Amino acid sequence: EAQVTQNPRYLITVTGKKLTVTCSQNMNHEYMSWYRQDPGLGLRQIYYSMNVEVTDKGDVPEGYKVSRKEKRNFPLILESPSPNQTSLYFCASSLNGVGTDTQYFGPGTRLTVL
Amino acid sequence: GESVGLHLPTLSVQEGDNSIINCAYSNSASDYFIWYKQESGKGPQFIIDIRSNMDKRQGQRVTVLLNKTVKHLSLQIAATQPGDSAVYFCAEGAGNRDDKIIFGKGTRLHILP
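Sequences listed follow chains A and B, in order. Numbering-wise (this note's numbering), the first sequence opens with residue 32 and increments by one. Numbering-wise (this note's numbering), the second sequence opens with residue 3 and increments by one.
Hints are not guaranteed to be accurate.
Stated by the list, open to error - The calculated lysine-lysine pairs, modelled on DSS-like cross-linking and capped at a C-alpha distance of 30 Å, are:
no. : chain 1 : residue 1 : chain 2 : residue 2
1   : B       : LYS102    : A       : LYS100
2   : A       : LYS88     : B       : LYS58
3   : B       : LYS107    : A       : LYS88
To be verified - Far from chain B, by Cβ distances over 10 Å, these chain A residues were calculated:
no. : residue
4   : PRO39
5   : ILE43
6   : GLY47
7   : MET58
8   : GLN76
9   : ASP87
10  : LYS96
11  : ARG99
12  : ILE108
13  : ASN115
14  : THR117
None of these hints come from the bench; they were simulated from the model. Everything numeric in this text was worked out from a predicted model, so none of it was measured. For every residue, glycine included, the Cβ atom is placed at its ideal position computed from N, Cα and C.
Let's have the full structure, built from the sequences with the hints guiding it.
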């Protein structure tokens with residue numbers, strides 16, 4: 032089944048404890064992206080990747096890192112999480128870019144930083 | 003600046019009636035528009051898209067209308083069912099910017115029995 036998977040789905044952590052949220056897609060998509068979703072603010076892009084070894088900042092990249100060592104995986108790294116990073120996170124992918132291709136979303140990761 | 007927005011944050015519709023969800027966009031360079039459905043506890047799910055060379059596109063029970071003159075997009079759902087309860091997002095993309103799209107904040111569709 033074609034899909035985007037994220038792990039973990041739920042995570043409660045404490046301030047400053049490094050964490051990684053994994054994202055994987057099995058559709059051979061070039062483009063991958065991370066979003067956070069907060070009440071009243073909608074979906075905001077954190078980082079995106081147009082291809083392997085190519086990553087760029089989105090609208091809210093502060094406090095996050097990503098890597099794209101292989102096409103299928105795009106992990107999101109929080110080196111020193113803070114409470115303002117408590118949010119619902121979505122990974123997404125599309126065949127090429129998103130200007131003309133449909134983006135497919137993962138099921139989400141709900142992160143709480145205490 | 004660029005923005006994608008919605009006229010109503012919440013829409014209540016009687017089961018069986020048609021639903022119309024509206025969206026305004028401000029970037030005249032946008033040429034690709036998408037509607038997503040997000041059910042509680044799930045990620046956004048693609049419903050239908052339309053490109054700027056069209057003004058109407060139909061899917062199964064859904065129709066998207068695009069009015070480029072007034073930069074307006076709408077999603078029509080025919081014979082609304084309880085399973086249509088969700089938040090609906092519009093999003094816009096520009097063909098000359100393949101790296102990002104802009105999402106609206108969403109409209110919650112509530113189905114009345």
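Of the hints stated earlier, which fail here? 2, 8 and 9
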